[in-house]
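Chemist: The lines below spell out each chain.
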Amino acid sequence: MIHPTAQIGQDVTIKEGVIIGDKVIIEDNVYIDYGCIIRENVHIKKGSFIGARCILGEYLMDFYKDRTNKLHPLIIGENSLIRTENIIYGDTIIGDNFQSGHKVTIRENTKIGHNVRIGTLSDIQGHCKIGDFVSIHSNVHIGQKSNINDYVWIFPYVVLTNDPTPPSGKLVGVTVDSFAIIATGSIIMPGIHINEDALIGAGAIVTKDVPKETVVVGNPSKEICSVRKIRNRITGEPVYPWRYTFKRGMPWEESDYETWFNNLSLQEGD
Amino acid sequence: MIHPTAQIGQDVTIKEGVIIGDKVIIEDNVYIDYGCIIRENVHIKKGSFIGARCILGEYLMDFYKDRTNKLHPLIIGENSLIRTENIIYGDTIIGDNFQSGHKVTIRENTKIGHNVRIGTLSDIQGHCKIGDFVSIHSNVHIGQKSNINDYVWIFPYVVLTNDPTPPSGKLVGVTVDSFAIIATGSIIMPGIHINEDALIGAGAIVTKDVPKETVVVGNPSKEICSVRKIRNRITGEPVYPWRYTFKRGMPWEESDYETWFNNLSLQEGD
Amino acid sequence: MIHPTAQIGQDVTIKEGVIIGDKVIIEDNVYIDYGCIIRENVHIKKGSFIGARCILGEYLMDFYKDRTNKLHPLIIGENSLIRTENIIYGDTIIGDNFQSGHKVTIRENTKIGHNVRIGTLSDIQGHCKIGDFVSIHSNVHIGQKSNINDYVWIFPYVVLTNDPTPPSGKLVGVTVDSFAIIATGSIIMPGIHINEDALIGAGAIVTKDVPKETVVVGNPSKEICSVRKIRNRITGEPVYPWRYTFKRGMPWEESDYETWFNNLSLQEGD
Ligand SMILES: CC(=O)SCCNC(=O)CCNC(=O)[C@H](O)C(C)(C)COP(=O)(O)OP(=O)(O)OC[C@H]1O[C@@H](n2cnc3c(N)ncnc32)[C@H](O)[C@@H]1OP(=O)(O)O
Ligand SMILES: CC(=O)SCCNC(=O)CCNC(=O)[C@H](O)C(C)(C)COP(=O)(O)OP(=O)(O)OC[C@H]1O[C@@H](n2cnc3c(N)ncnc32)[C@H](O)[C@@H]1OP(=O)(O)O
Ligand SMILES: CC(=O)SCCNC(=O)CCNC(=O)[C@H](O)C(C)(C)COP(=O)(O)OP(=O)(O)OC[C@H]1O[C@@H](n2cnc3c(N)ncnc32)[C@H](O)[C@@H]1OP(=O)(O)O
Numbered sequence: 001m002i003h004p005t006a007q008i009g010q011d012v013t014i015k016e017g018v019i020i021g022d023k024v025i026i027e028d029n030v031y032i033d034y035g036c037i038i039r040e041n042v043h044i045k046k047g048s049f050i051g052a053r054c055i056l057g058e059y060l061m062d063f064y065k066d067r068t069n070k071l072h073p074l075i076i077g078e079n080s081l082i083r084t085e086n087i088i089y090g091d092t093i094i095g096d097n098f099q100s101g102h103k104v105t106i107r108e109n110t111k112i113g114h115n116v117r118i119g120t121l122s123d124i125q126g127h128c129k130i131g132d133f134v135s136i137h138s139n140v141h142i143g144q145k146s147n148i149n150d151y152v153w154i155f156p157y158v159v160l161t162n163d164p165t166p167p168s169g170k171l172v173g174v175t176v177d178s179f180a181i182i183a184t185g186s187i188i189m190p191g192i193h194i195n196e197d198a199l200i201g202a203g204a205i206v207t208k209d210v211p212k213e214t215v216v217v218g219n220p221s222k223e224i225c226s227v228r229k230i231r232n233r234i235t236g237e238p239v240y241p242w243r244y245t246f247k248r249g250m251p252w253e254e255s256d257y258e259t260w261f262n263n264l265s266l267q268e269g270d
Numbered sequence: 001m002i003h004p005t006a007q008i009g010q011d012v013t014i015k016e017g018v019i020i021g022d023k024v025i026i027e028d029n030v031y032i033d034y035g036c037i038i039r040e041n042v043h044i045k046k047g048s049f050i051g052a053r054c055i056l057g058e059y060l061m062d063f064y065k066d067r068t069n070k071l072h073p074l075i076i077g078e079n080s081l082i083r084t085e086n087i088i089y090g091d092t093i094i095g096d097n098f099q100s101g102h103k104v105t106i107r108e109n110t111k112i113g114h115n116v117r118i119g120t121l122s123d124i125q126g127h128c129k130i131g132d133f134v135s136i137h138s139n140v141h142i143g144q145k146s147n148i149n150d151y152v153w154i155f156p157y158v159v160l161t162n163d164p165t166p167p168s169g170k171l172v173g174v175t176v177d178s179f180a181i182i183a184t185g186s187i188i189m190p191g192i193h194i195n196e197d198a199l200i201g202a203g204a205i206v207t208k209d210v211p212k213e214t215v216v217v218g219n220p221s222k223e224i225c226s227v228r229k230i231r232n233r234i235t236g237e238p239v240y241p242w243r244y245t246f247k248r249g250m251p252w253e254e255s256d257y258e259t260w261f262n263n264l265s266l267q268e269g270d
Numbered sequence: 001m002i003h004p005t006a007q008i009g010q011d012v013t014i015k016e017g018v019i020i021g022d023k024v025i026i027e028d029n030v031y032i033d034y035g036c037i038i039r040e041n042v043h044i045k046k047g048s049f050i051g052a053r054c055i056l057g058e059y060l061m062d063f064y065k066d067r068t069n070k071l072h073p074l075i076i077g078e079n080s081l082i083r084t085e086n087i088i089y090g091d092t093i094i095g096d097n098f099q100s101g102h103k104v105t106i107r108e109n110t111k112i113g114h115n116v117r118i119g120t121l122s123d124i125q126g127h128c129k130i131g132d133f134v135s136i137h138s139n140v141h142i143g144q145k146s147n148i149n150d151y152v153w154i155f156p157y158v159v160l161t162n163d164p165t166p167p168s169g170k171l172v173g174v175t176v177d178s179f180a181i182i183a184t185g186s187i188i189m190p191g192i193h194i195n196e197d198a199l200i201g202a203g204a205i206v207t208k209d210v211p212k213e214t215v216v217v218g219n220p221s222k223e224i225c226s227v228r229k230i231r232n233r234i235t236g237e238p239v240y241p242w243r244y245t246f247k248r249g250m251p252w253e254e255s256d257y258e259t260w261f262n263n264l265s266l267q268e269g270d
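Chains as they are written, first to last, in full-length UniProt numbering: chain A, 1 to 270; chain B, 1 to 270; chain C, 1 to 270.
Just so you know, the hints here were simulated from the structure itself, not pulled from any lab data.
Careful, some of the hints might be misleading.
In silico DSS-like links for lysine-lysine, alpha-carbon gap of 30 Å or less [stated by the list, open to error]:
| # | chain 1 | residue 1 | chain 2 | residue 2 |
| --- | --- | --- | --- | --- |
| 1 | B | Lys70 | C | Lys247 |
| 2 | C | Lys247 | B | Lys129 |
| 3 | A | Lys170 | B | Lys229 |
| 4 | B | Lys229 | A | Lys70 |
| 5 | B | Lys208 | C | Lys23 |
| 6 | C | Lys23 | A | Lys15 |
| 7 | B | Lys208 | C | Lys212 |
Have a look at the derived ranges for each label pair, beta carbon to beta carbon [claimed, not checked]:
| # | chain 1 | residue 1 | chain 2 | residue 2 | range |
| --- | --- | --- | --- | --- | --- |
| 8 | B | Leu264 | C | Glu196 | 54 to 64 Å |
| 9 | C | Pro238 | B | Ser255 | 51 to 61 Å |
| 10 | B | Ile224 | A | Asp209 | 12 to 22 Å |
| 11 | A | Cys225 | B | Arg228 | 34 to 44 Å |
| 12 | B | Thr68 | A | Gln10 | 47 to 57 Å |
| 13 | B | Thr68 | C | Tyr64 | 39 to 49 Å |
| 14 | A | Gln10 | B | Asp62 | 49 to 59 Å |
| 15 | B | Asn263 | C | Arg248 | 13 to 23 Å |
| 16 | A | Tyr244 | C | Ser265 | 53 to 63 Å |
| 17 | C | Asp28 | B | His3 | 44 to 54 Å |
| 18 | C | Met61 | A | Asp11 | 17 to 27 Å |
Beta carbons: idealized from backbone N, C-alpha and C, even for Gly.
Just chain A, with the same shape it has in the complex:
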């Protein structure tokens, strides 16, 4: 069932049981697997893959009042790979080269940059911003009003919260600065600011802002050292700031961070 107003590009594959709604735009070379529901005003850019049974352009709360859809566009960037059964609401923009695991939920008013990865079962609650090259692993919960800058890593079962004294309705989001890492199962309290290159150890309950390049662990979390003290368990070498030791999937993959960064500055100086 493809709505007559939908625009479908060239070399588009649409498998059985797909529903495509009013004013949907599907660019060239997109693949839509079995049973996807693409509601209305969804724009999928070229080369993207939409896994089986995704629901794109999911209804916001205003749908349920009179059961008619209002205008809430969703844009999905080029060459995205969205695995099965993702639910992505309207009023959301996702950049190019997005990759997601299975059963991810992304609610309304989410702005996601380029080259972002979000793992299986993660739940992005909307009204939040995620920068470029952010990697969010499985089963992460990003509360409303969160602000995640570029090159942040978030590991399984982390929660970014927002209501300091619930239920209050007075939400203050978490801010995570570039290059910071939040390890498995940490809970970040409402309004906390995690500064650049900080490392939140697994299982930390973070009740205070975390300074730049600082490691915190524990419940409640305490500062234990500079990230520069942490060594790779196998090689014995320093690991952090990680941009000098890790490249896979990063824009400096072909050279190294410094070379890439210096070229970037040169280009910007042009």
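We have chain A; now place chains B and C with the ligands onto it with these hints.
Modeler: Same frame as chain A, now just chains B and C with the ligands:
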């Protein structure tokens, strides 16, 4: 595919790919979105919305023995809003004005009151009781034998456990009294009793009963103060007991708790 | 839609909307519920039940390069009970009598023994090994390179991690020896070895190897006692090692562990 014994009311919307089984009752003005599977003996009361690909009346263990369905009715109250891909078993009763997020699982022998909300990915393990006006956020796990009273708030990634020394098969459920709040990621040990208006801080591992109006935090959790000491981070005002400071979605929304409560007592006194 | 090369046995039930791909083998007495997608080279052994909308033989990363499926077989053992909406990748072997909850994900290069149970929402990340008679409860995350031996119990929201200093790409898996128990919400740090009959208390952040028959709790976890000191809260009797006090679903269900074990040794001695 609508079974001939199913009773369908007036102004019911049934989208493509829906399966409706034997002796299902669908009251007036219900909306059933794409691809729902409504097995047998399910009763959906008037005005409810069932999101895409929900499975209602899911099989209990006895189905798998001989692959025939036994009698396990499911009742869903009026004006409920069940989002996509919920799985709700038979032998369960849900009250009016229920709201759920996506991909919620509710197993057999669950009794849910009126005006309850359950967030995305939450997993209600059955054989438990949830009162009226309870708000359960995303990805909460409610173990069997839990008993949650009215007006309780439970935040993301909380687990209510039940086997003190697993594996033992000797389950003792958690009891949560009215107006208590369990913040993000807390684990409540088997058999624990959380008393009225208590506040379990985020990340607490609760190994002892929590007295009325008491705040506990930490691993293992310790009492730190009375809830009356906690202040709103933005306004500086006291927050708890929250029924005096929060109204949205509550029966006292139009006035305030005291006025509402006094009227209630008057009516009951009639 | 059944591919002409698929081999379907006797007494097989295939409900509406099922897709069965190239070279799939379905043995006798299998039941495939509504809307399952069985991609290619999947072999389902006799007597198994596949719940509604499961995806079996899910694509690995190499599919997305040129959108053609490569050879990645999946084998599902006899008499398995896979509940709705599981996603199981190719290059995986699952033993007999497997049981899973809803919405479980199992990725490539997972080897699962016989009589294993995995609960709702659990996420097995692949490149790992799970022995016989392992019970994994809801919403557990098993990282790559994990090695779980026979008769292990893992409770809700546990995470087995693998990258000690992320992001590093140098993964070291967790090893869990036979009869160990990991209680709710514990996080096991990369490379940790949990020895036989150890008990990890709920909410423990395990940063050091755990000796045989030892209980650890806390963040970071500390040894508190021998498992032999722990008593059942209701009966007051010792509980651990649990194989002497618990039988349900175990091979010694009809007698007791010692009798069964002695018979086993006799048989092996034959
Ligand atoms: C993809 C996946 O599934 S993997 C997920 C990604 N990886 C992770 O989540 C794990 C990340 N690693 C961490 O969080 C680590 O705790 C780090 C990096 C913060 C610290 O690691 P290391 O420097 O190797 O610490 P090390 O193991 O040497 O421990 C030093 C001390 O700190 C303690 N400690 C270490 N980590 C923690 C922690 N997370 N919480 C509390 N205490 C900790 C140790 O118990 C030890 O204490 P002691 O001196 O009293 O014996
Ligand atoms: C919808 C969503 O996604 S949001 C989810 C809902 N919101 C939440 O889960 C967060 C709820 N808030 C909490 O749990 C808070 O911890 C509260 C309300 C219990 C306490 O908050 P406050 O009174 O603001 O505590 P405050 O930040 O002033 O800290 C006081 C002390 O307690 C410690 N502390 C505060 N919270 C915790 C905690 N959860 N665990 C351990 N220690 C804590 C602080 O580190 C501080 O210690 P110090 O005196 O040694 O410096
Ligand atoms: C299917 C489901 O949903 S249920 C899931 C399965 N069940 C679970 O996850 C719970 C398993 N039980 C545990 O983890 C328990 O903590 C055990 C078995 C490790 C210890 O339990 P018990 O021996 O009964 O401990 P008990 O309650 O007597 O407490 C003894 C002390 O240890 C502390 N303690 C107990 N458990 C923990 C814990 N998990 N973490 C930190 N401290 C703990 C207590 O606070 C107490 O401290 P105190 O002496 O200072 O007062």
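Chemist: Output the numbers, in ascending order, of every earlier hint that fails for this structure.
Modeler: The structure conflicts with hints 4, 5, 15 and 17, although it agrees with all the remaining ones.
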